[in-house]
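Trainee: Quick mapping for you: the protein sequence lines, in order, are chains A and B.
Quick note, in the working numbering, the first sequence goes up one by one and the last residue is 256.
Quick note, in the working numbering, the second sequence goes up one by one and the last residue is 1666.
Since the hints were made in silico from the structure, they are not lab data.
Given the structure is predicted, the values throughout are model-derived calculations rather than measurements.
Every residue gets a Cβ at the ideal spot worked out from N, C-alpha and C, and that includes glycine.
Don't take each hint at face value.
Heads up, simulated EDC-like pairs for lysine to aspartate or glutamate below, C-alpha to C-alpha not over 20 Å straight-line [unchecked claim]:
| id | chain 1 | residue 1 | chain 2 | residue 2 |
| --- | --- | --- | --- | --- |
| 1 | A | K199 | B | D1267 |
| 2 | B | K1436 | A | E22 |
| 3 | A | K50 | B | E1375 |
| 4 | A | K73 | B | E1388 |
| 5 | A | K199 | B | E1268 |
| 6 | B | K1041 | B | E1277 |
| 7 | A | K198 | B | E1268 |
| 8 | B | K1259 | B | D1616 |
| 9 | A | K196 | B | E1563 |
These stretches of chain B come out as covered by chain A in the derived footprint (C-beta under 8 Å, 3 or more residues) [to be verified]:
| id | segment |
| --- | --- |
| 10 | 1265 to 1279 |
| 11 | 1366 to 1376 |
| 12 | 1380 to 1387 |
| 13 | 1399 to 1412 |
Selected chain A positions facing chain B (in silico; Cβ < 10 Å) [what the hints assert, rightly or not]:
| id | residue |
| --- | --- |
| 14 | F17 |
| 15 | G21 |
| 16 | R34 |
| 17 | K74 |
| 18 | D151 |
| 19 | A154 |
| 20 | T185 |
| 21 | T190 |
| 22 | P192 |
| 23 | L240 |
| 24 | K243 |
| 25 | L244 |
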Amino acid sequence: MKILICIKQVPDMESKFKINGEGNWYDRTDLAWRMNEYDEYAVEQAVRLKEQVGDADLTVLCIGPDQVKETMKKALAMGCDRGVQIGDNDAHKREPIEIAAMIAGFAKDKNFDIIFTGMQSQDRGSAQVGVMVAEMLAIPAVTTIVGFSFDNGAVKVKRELEGGSKALVSTTTPVLLTCQLGLNTPRYPTLPNIMKAKKKELLTLAPDTGGVCASQETAAFYFPERKGSGIVLEGDVSDLADKLIQLLKEKTGVLA
Amino acid sequence: MEFTREIYWNVGHGFTTLAPMYGLLLVALTVLVLGCLKRIKVYRLGQPLDRTDQRGLRMRNLLESVLLQTKVFRVPGAGTAHALFFWSFFILMIGTSLIVAQADFTDLFFGVKFLKGTFYKLFSVVLDLAGLIAILMLGGLLVRRYLIRPEGLLTKSDDAVMHGLLLAILVTGFLIEGARMAVTELNTPLALWSPVGLVTAKMLTSLGEGGLRTLHAGLWWLHLLLALAFIAIIPYTKFRHILTSSANAYLADLGPTGKLTTINLEDETTEKFGASEVTDLRWKDIFDADACTLCKRCQDRCPAYTTGKPLSPMQVINQIGEISFTNPAANLIDTVGREAIWACTTCRACQDICPASIEHVSKIIEMRRNLVLMEGEFPGEEVMTAMEQTEVNGNPLGMGYAARGDWAEALGITALAEDAEVEVLYFVGCYASFDKRNIAVAKSFVKLCQAAGVKVGILGKEEKCCGEPMRKMGNEYLYQTLAMEMIETIKGYGVKKIVTTCPHCFNTLTKDYRDFDFAIEVVPHVVFLDELITTGRLRIKAEPFSCTYHDSCYLGRHNNLYEAPRNLIRTAGGNLTEMAQNRDQAFCCSAGGGRIMAEENLGERINIKRVRMAVDTGADQLLANCPFCLTMFEDGVKGADVEAQLRPKDLAEILAERLAEQPQSV
């Protein structure tokens, strides 16, 4: 069977974020990059499926500048068979529909049985790309899966819904699944697999949205305003009490 | 009268004595050699390793640890008894050899007798007393093993055979002597030179000469057979340690202490990393099992074992031996057990005290390497997360890498990227860069340097973890990735000297990095500060305080730095009360061996146990020299509920609190 896994390289969320010059996205300097968390679940599930069925070919796809290859190597080391990079230095500016169009454009004649994606990206968080790819390819999509089983073409997944309720969905291939936290624990690549990954095929394609154009514009991009943030008092207990009284006097009316 | 005695008295010196005697000796030696060869075949299952360099030093180690019993002697009690027994038995062996040398060689061929006169008197009394001491020591050890039964001491059938045989050899020796003296020496001045023999002789006189002669001849042959049996069974019982532990003193790892072997990751033909079978280990690792005497000194000092975790260094060594000799294809990791493998803090207490020069830590690391590099396994998910965070941000805490130098912003310390003209590079380490408690240590250290007029630079956001916790956890790949990057960065700035506040960074930079063409001088902060003070660059005003001091494993046992930190405490006016386990016997804080990244879920908490030892000194402050220790102690004082009694602090903080007015810089 043929499986496609779509991944995205995102900044580590512990990074020091700054707003870029145009004021419409974050600045890319001083950031550490990694695989989008939800995409790691997608890769892991695909590799487990291959381990189950034996005969499967795993293609990992990533859109972005050359630095995304580093993240793709991790997916290859985890067990994907080949990589496809859509080399696009403007990927971070793209709308979900453009990204979806690029993926669908690549996948349309490849007959993938299952496409795994993350349920959303950690940076843009639109949660739209997966479902739009399925729509464009005219295949079913099941989102936010936290459980997966495969048996001879029959796919059974568990979805996580609002309020903690769960749903069990059965479907058949081809299908697109977007993966949620709780689906699995991604593996740590073994050294022989890291070595092998260095020699795996990694194609780079030119970006092609197939005529789909942007239709949104980011009007502003900003950190939330600091409104009445909390204060943590530190020091000796006796001083703390005095400080607290002072604060209550200055900032509130409770002692008035 | 001539002070001497007739050798082969009563048994005769003819063919009927010598032929069976030397015949049996030949048999015993053959059995011995065959037994050794059989075991050597098993040692050879291991991977090659050269331990024949620095032969002079190796020979000295061998002679010291065998003849002087230096390592055995380190633990009073059983160690003292063993040493005294060894020396006595060794003297008896020399004595017997002298007899053989005279009777069957110098006298036989050249008519030369040297066992006479004053020398014979001395010979007689020394051997007599040696026999007595040997019996007393052996008796003491017997009582210890079979009546006192110290906790954790493994007693096997070997021990009964060994104790019984040695005792029988010694007792028959005295009986033979007594029988002979009862007939030939009673009431002569010579008898006084064999006091124990004299007592035995007096007890036997009632047998009459005929009875004594029969008894003597019978016991003589029995004694001979026992002695030859002893020689023959050496390789088949724990007696083998006479050969193997001695050889191990020669074969010991000559350091640098605690440096691990570097895997060649460039070699693409390597398909297996670490050890999952004994055949993946080196031959010395299998040999170590044969050198082990089950003395349990390692186990008694192991922070994991003594807090109820499923790791005994002694067991690990013997499990390796057991499967090497019975089923070398068995899975080593399953045999030892994952929980045992992960529990090690690499504190080196086991290896340091081992009288048989056994290398425990590297074996555990090899098994960890296999688990991590071949299976992607870790002791827990939190460790895997720490590894991933280190890959992304260069620190196991998962903090954004770009903020690494933020702590120094207000101190006027800049990164080398901005100004590389510095006297020393301060390699800060992950904890002092990101952990609030340890940032205070970094700031104190910088304050001291600035007071002494030392221009310090840091790498700031270019610094990453040195890789030590990852390496000790088995992740050689991540370690090497980090090491290569750090070496390139540091060398790129032409740094002359590096100072660390983390002993793990220190040990790694100064030893492990040497495998990658890195030769820059690295100094731990306690030594650096001690030098600043002794050269008069830094002035500290002594203000009395009470404290105890924790020797971190990586400054202590790994680098023998015990005095510099104590000098600093004295300089600061500290009244130091040592914990019972100090210096090379110090008890680990729990965070070494990459355990800083792992939860401690089994048994009692090591850090709390150590904090309680500190509380027992009655001191107000627990001084440390390591960010991992400090972190564990801050946690430990909370866990032991002694926050109000005991403050953990780094030595740099104690000094920074006592800065005196500094001399004008020249």
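Trainee: It remains to establish, for every hint, whether it holds in the given structure.
Mentor: Verification of the hints:
Under the criterion of a C-alpha separation no larger than 20 Å, the hint pairing K199 of chain A with D1267 of chain B is consistent with the structure, at around 15 Å. Among the hinted pairs, K1436 of chain B with E22 of chain A is inconsistent with the structure: their alpha-carbon atoms are about 35 Å apart, more than 20 Å. This hinted pair checks out: K50 of chain A and E1375 of chain B have alpha carbons roughly 17 Å apart, not beyond 20 Å. Between the alpha carbons of K73 of chain A and E1388 of chain B the distance comes to roughly 14 Å, so the proposed pair stays at or under 20 Å and holds.
Taking the CA atoms of K199 of chain A and E1268 of chain B, the gap is about 12 Å. The hint holds against a cut of 20 Å. Restraint check for K1041 of chain B and E1277 of chain B: the C-alpha separation of about 17 Å stays at or below 20 Å, so the hint holds. Distance check on the hinted pair: K198 of chain A and E1268 of chain B sit about 11 Å apart at the alpha-carbon level, within 20 Å; holds. Using a Cα cut-off of 20 Å, the hinted pair K1259 of chain B and D1616 of chain B is violated, with the two alpha carbons roughly 34 Å apart.
For the hint linking K196 of chain A to E1563 of chain B, the alpha-carbon distance of about 50 Å lies beyond 20 Å, and the restraint is violated. Proximity of the segment 1265 to 1279 of chain B to chain A, defined as three or more residues with a beta carbon under 8 Å from a beta carbon of that chain, is established by the 4 residues found. With 5 residues having a Cβ less than 8 Å from any Cβ of chain A, the segment 1366 to 1376 of chain B passes the three-residue criterion, so the hint holds. Coverage of the segment 1380 to 1387 of chain B by chain A holds. Counting CB-CB distances below 8 Å, 3 residues qualify, and the rule asks for three or more.
Here the segment 1399 to 1412 of chain B counts 5 residues with a CB under 8 Å from a CB of chain A, which clears the bar of 3, and the coverage holds. Contact between F17 of chain A and chain B, as hinted, is supported at the beta carbon level, the nearest pair being about 9 Å apart and thus within 10 Å. About 18 Å separates the beta-carbon of G21 of chain A from the nearest beta-carbon of chain B, more than 10 Å, and the hint is not met. This hint holds: R34 of chain A has a C-beta 5 Å from the nearest C-beta of chain B, less than the 10 Å allowed.
A least Cβ separation of about 9 Å between K74 of chain A and chain B falls short of the 10 Å threshold, and the interface hint therefore holds. Interface hint status for D151 of chain A: violated, as the beta-carbon distance to the closest one in chain B is roughly 27 Å, over 10 Å. Violation of the interface hint for A154 of chain A is found here, the shortest Cβ-Cβ separation to chain B being roughly 30 Å, above the 10 Å cut-off. Look at T185 of chain A: its Cβ gets to within about 7 Å of chain B, closer than 10 Å, so that hint holds up.
The beta carbon of T190 of chain A comes within 5 Å of a beta carbon in chain B, closer than 10 Å, and the hint placing it at the interface holds. Taking 10 Å as the C-beta contact cut-off toward chain B, the hint placing P192 of chain A at the interface holds, the least distance being around 7 Å. Interface hint at L240 of chain A: violated, since its Cβ lies 15 Å from the closest Cβ of chain B, which is beyond the 10 Å cut-off. Annotation: interface hint on K243 of chain A violated; nearest CB of chain B at approximately 19 Å, more than 10 Å.
The interface hint given for L244 of chain A is violated, since its Cβ lies 21 Å from the closest Cβ of chain B, which is over the 10 Å cut-off.
Consistency note: the structure conflicts with the earlier hints numbered 2, 8, 9, 15, 18, 19, 23, 24, 25.
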